[in-house]
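Using the sequences provided together with the hints, build the complete structure.
2 protein chains.
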Amino acid sequence: MSAEVSRPLEGVTVVDLGQIYNAPYATLLLALAGAEVIKVEPLDGELSRTRRRISLGSGMAFYMLNSNKRCVTLNLKDERGKELLRELADRADVLVENFRPGVMDRLGIGAEALRARNPRLIYAAGSGYGQTGRYKDLPAMDLAVQAMSGAIASTGHPDEGPVKAGPALSDFLGGIHLYGAIVTALFQQARSGRGAVLDVAMLDSVYPSLMSNAGPFVGAAIEGGPPPPERTGNRQGGLAESPYNVYPTKDGHIAVICVTDQHWVGLTEAMGRPELLTDPVYSTKPARIRAMDAVDELVSAWTSVQPTDEVFDLLRRAGVVCAPARSLGEVIADPYFRERGMIVDVDVPGVGPVPLIHTPLYFSDRDRLPLDPAHELGQDNDAVFGDLLGHPAEVLGTYRAAGVIS
Amino acid sequence: MSAEVSRPLEGVTVVDLGQIYNAPYATLLLALAGAEVIKVEPLDGELSRTRRRISLGSGMAFYMLNSNKRCVTLNLKDERGKELLRELADRADVLVENFRPGVMDRLGIGAEALRARNPRLIYAAGSGYGQTGRYKDLPAMDLAVQAMSGAIASTGHPDEGPVKAGPALSDFLGGIHLYGAIVTALFQQARSGRGAVLDVAMLDSVYPSLMSNAGPFVGAAIEGGPPPPERTGNRQGGLAESPYNVYPTKDGHIAVICVTDQHWVGLTEAMGRPELLTDPVYSTKPARIRAMDAVDELVSAWTSVQPTDEVFDLLRRAGVVCAPARSLGEVIADPYFRERGMIVDVDVPGVGPVPLIHTPLYFSDRDRLPLDPAHELGQDNDAVFGDLLGHPAEVLGTYRAAGVIS
Numbered sequence: 001m002s003a004e005v006s007r008p009l010e011g012v013t014v015v016d017l018g019q020i021y022n023a024p025y026a027t028l029l030l031a032l033a034g035a036e037v038i039k040v041e042p043l044d045g046e047l048s049r050t051r052r053r054i055s056l057g058s059g060m061a062f063y064m065l066n067s068n069k070r071c072v073t074l075n076l077k078d079e080r081g082k083e084l085l086r087e088l089a090d091r092a093d094v095l096v097e098n099f100r101p102g103v104m105d106r107l108g109i110g111a112e113a114l115r116a117r118n119p120r121l122i123y124a125a126g127s128g129y130g131q132t133g134r135y136k137d138l139p140a141m142d143l144a145v146q147a148m149s150g151a152i153a154s155t156g157h158p159d160e161g162p163v164k165a166g167p168a169l170s171d172f173l174g175g176i177h178l179y180g181a182i183v184t185a186l187f188q189q190a191r192s193g194r195g196a197v198l199d200v201a202m203l204d205s206v207y208p209s210l211m212s213n214a215g216p217f218v219g220a221a222i223e224g225g226p227p228p229p230e231r232t233g234n235r236q237g238g239l240a241e242s243p244y245n246v247y248p249t250k251d252g253h254i255a256v257i258c259v260t261d262q263h264w265v266g267l268t269e270a271m272g273r274p275e276l277l278t279d280p281v282y283s284t285k286p287a288r289i290r291a292m293d294a295v296d297e298l299v300s301a302w303t304s305v306q307p308t309d310e311v312f313d314l315l316r317r318a319g320v321v322c323a324p325a326r327s328l329g330e331v332i333a334d335p336y337f338r339e340r341g342m343i344v345d346v347d348v349p350g351v352g353p354v355p356l357i358h359t360p361l362y363f364s365d366r367d368r369l370p371l372d373p374a375h376e377l378g379q380d381n382d383a384v385f386g387d388l389l390g391h392p393a394e395v396l397g398t399y400r401a402a403g404v405i406s
Numbered sequence: 001m002s003a004e005v006s007r008p009l010e011g012v013t014v015v016d017l018g019q020i021y022n023a024p025y026a027t028l029l030l031a032l033a034g035a036e037v038i039k040v041e042p043l044d045g046e047l048s049r050t051r052r053r054i055s056l057g058s059g060m061a062f063y064m065l066n067s068n069k070r071c072v073t074l075n076l077k078d079e080r081g082k083e084l085l086r087e088l089a090d091r092a093d094v095l096v097e098n099f100r101p102g103v104m105d106r107l108g109i110g111a112e113a114l115r116a117r118n119p120r121l122i123y124a125a126g127s128g129y130g131q132t133g134r135y136k137d138l139p140a141m142d143l144a145v146q147a148m149s150g151a152i153a154s155t156g157h158p159d160e161g162p163v164k165a166g167p168a169l170s171d172f173l174g175g176i177h178l179y180g181a182i183v184t185a186l187f188q189q190a191r192s193g194r195g196a197v198l199d200v201a202m203l204d205s206v207y208p209s210l211m212s213n214a215g216p217f218v219g220a221a222i223e224g225g226p227p228p229p230e231r232t233g234n235r236q237g238g239l240a241e242s243p244y245n246v247y248p249t250k251d252g253h254i255a256v257i258c259v260t261d262q263h264w265v266g267l268t269e270a271m272g273r274p275e276l277l278t279d280p281v282y283s284t285k286p287a288r289i290r291a292m293d294a295v296d297e298l299v300s301a302w303t304s305v306q307p308t309d310e311v312f313d314l315l316r317r318a319g320v321v322c323a324p325a326r327s328l329g330e331v332i333a334d335p336y337f338r339e340r341g342m343i344v345d346v347d348v349p350g351v352g353p354v355p356l357i358h359t360p361l362y363f364s365d366r367d368r369l370p371l372d373p374a375h376e377l378g379q380d381n382d383a384v385f386g387d388l389l390g391h392p393a394e395v396l397g398t399y400r401a402a403g404v405i406s
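Chains as they are written, first to last, in full-length UniProt numbering: chain Z, 1 to 406; chain C, 1 to 406.
Be careful, since some hints might not be right.
Each computed DSSO-like pair below joins lysine-lysine, with the alpha-carbon atoms no more than 30 Å apart [said to hold, decoys possible]:
| id | chain 1 | residue 1 | chain 2 | residue 2 |
| --- | --- | --- | --- | --- |
| 1 | Z | Lys77 | C | Lys285 |
| 2 | C | Lys136 | Z | Lys250 |
| 3 | Z | Lys136 | Z | Lys82 |
| 4 | C | Lys82 | C | Lys136 |
| 5 | C | Lys285 | Z | Lys136 |
| 6 | Z | Lys285 | C | Lys285 |
| 7 | Z | Lys136 | Z | Lys77 |
| 8 | C | Lys250 | C | Lys285 |
| 9 | Z | Lys285 | C | Lys136 |
| 10 | Z | Lys136 | C | Lys250 |
Okay, the calculated bits of chain Z under chain C, using three or more residues with CB under 8 Å as the criterion [claimed, not checked]:
| id | segment |
| --- | --- |
| 11 | 99 to 106 |
| 12 | 154 to 163 |
| 13 | 243 to 256 |
| 14 | 316 to 324 |
| 15 | 350 to 358 |
| 16 | 373 to 380 |
Bear in mind the hints are in silico, worked out from the structure with no lab data behind them. Everything numeric in this text was worked out from a predicted model, so none of it was measured. No residue lacks a Cβ here, since even glycine has one placed at the ideal position from N, Cα and C.
Dropping the structure here:
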């Protein structure tokens, strides 16, 4: 194990106009891979930063998503502010934004304008519904894209109303796909000097994750059969596995899944029910799928009288795929994330100890980059506009007085 | 608009041992970015391919995830099969696998062994719980990681049991993070010739998406207040926005979100309720958050007596963030995806017309790569083991007879 720190993107400069979750997650991962990320905010801070005014809890996401970035402010409605942005983009490899499509063009600092000055620039736009197509002008947020994508239709119990997925999957699937597109373009740029215009939509990014539900739907359409159920509670999306559910325990819930016959053997052993193996109702996987209700009742009757930990231990030892449905408190406190360096508890000035996130893109042959907690609004204005772009202090003073920077 | 086809990863060779969703999604995106992906399957096919034996619907995901790959078979329990894999890895830039941690090492073809022969190889492992840490030996599937990560705890209505997110978010968040790590390592390799060992866990990849729920939890812990609710139905994870919900309509459901006062003004106009603007119960966002139940009743009373389309039109024109909760059938048929090239309807031989997925990583300054539907099991054995690795036909004949390849 080398003590060298992992910085695969060292030397890459990113101008980051991202806000809320989507683009800021992409640029967090760029920063944690060693890129220099310059986060550009309006003079009163991006929406995610200002949520701290509502409550500390609402503002916490800002800290989690903005480590290791330099923070500057710019008034992009002022011509001098636009010119500073152009100067930054001239020196950058990548510019990232997730405004509504068309906003940057209307400001005169869109892909075409910036790439006319710097043709090797990668202009990366994240959005809900893309820069083209019938929904481009529709405002997007995580919940809206969950509705449009079918994520809501596919979540929940069949006999209850549709419900959203708890995780902000549209924002984060969008954000990590945006990261993927940017790094792909950086690879191309490194080999050819060529820039790119990237258009990553949350709706496009969510669609593949509906595979388990979309597949049976498409299959039924081809075969002319009835469409499968929209949502299946905690059962497999295509109702094609059994046992596959989240079962109640004495003190919680546990997910149990048998994909192979071997898993089923393990489960019957753990349950002390060897006779089920020769019972024709349960002896094959197609039979267990047909008897899904009865299978779920059997498993449920066994899990519900024991504590989660005991069921988990027994099934783990029997080689059955299983996991407790843990509370968020258990998850956040889990030493697992600290062992892997995925969560680092950092004393954030003026806040307290915050479990900051590191990158899931783990290069295990190197050490992780140390975390630098989110900077204050405009903290790096002098360093970036003065030292990097070369504007004298008196000019920046004028700009401050005029509300171009803060 | 150039007619040139986008192949940012042209010239990159990937050996793909991926199975089911996680790694195959990563390698699909590599293939659709122009890399040459050689998919290596056991002689009876990987699990996702064999699901077609259960039903066409269950097997459909295989077609959606394996376009544009060359398909070969290898018996990795046979020494001659291992040697063929080593020869492939010697010529490759990347090897991807998502077996249980330790499997490849036990076969003698793990990261260390392969990188001793080809130090510039990027060895990329996807898994549920990482190659290190306390859960590495725990079998993982999407539902299990949803349970372990808190995704299940955060999904559903507060007064009902926890329910999984419908989309396979652990598999796909894991897969796209794996893609991101691989391309990041390719960028490093292009500049320095250096390889990498990548360890991308689904559990790590899901955690950031719980930001809206984790933030308030951490905030409450710091301030010493009570923890926020584990799940909030269709309300915002931190209960920090209102209106923010999925409301019933005459014929379905619609997501409506007001983040700014301007959204609220638009909503009251669409509802024909201008008097709400001056009512102190609703006039500010903090007030609307306090009156969340009453706000939801007001909006619900208005939406529930109209068809979804009408509510959607009215709110869209009023600039309110909104979206119908669409069924999977509506989503799959949506022309939006065809306009953007994200879904391409391809007549797959022996199956019928399948809405295959293209990459969400859209380089909008180039044309998309044409889709080549998933190859048959072992279809490219002669081309890869013969033409590429240079083994004569008679040797491959012996290997076939001995069950080393098919």
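Status of each hint after checking the structure:
1. Z:Lys77 / C:Lys285: Cα-Cα ~26 Å, so holds.
2. C:Lys136 / Z:Lys250: 27 Å, holds
3. Z:Lys136 / Z:Lys82: Satisfied, since the Cα-Cα distance of roughly 24 Å is no more than 30 Å.
4. C:Lys82 / C:Lys136: Since the Cα atoms of lysine 82 of chain C and lysine 136 of chain C sit roughly 24 Å apart, the hinted pair holds (cutoff 30 Å).
5. C:Lys285 / Z:Lys136: Roughly 27 Å separates the two Cα atoms, so the pair holds.
6. Z:Lys285 / C:Lys285: 53 Å, violated
7. Z:Lys136 / Z:Lys77: Holds. Lysine 136 of chain Z to lysine 77 of chain Z sits at ~23 Å (cutoff 30 Å).
8. C:Lys250 / C:Lys285: 28 Å, holds
9. Z:Lys285 / C:Lys136: Distance ~27 Å between lysine 285 of chain Z and lysine 136 of chain C Cα, so the pair holds.
10. Z:Lys136 / C:Lys250: 27 Å, holds
11. 99 to 106: violated (count 0)
12. 154 to 163: holds (count 8)
13. 243 to 256: holds (count 6)
14. 316 to 324: Since 7 is at least three, the answer is holds.
15. 350 to 358: Since 6 is at least three, the answer is holds.
16. 373 to 380: violated (count 0)
Checked against the numbered hints given earlier, this structure breaks hints 6, 11 and 16; the rest are met.
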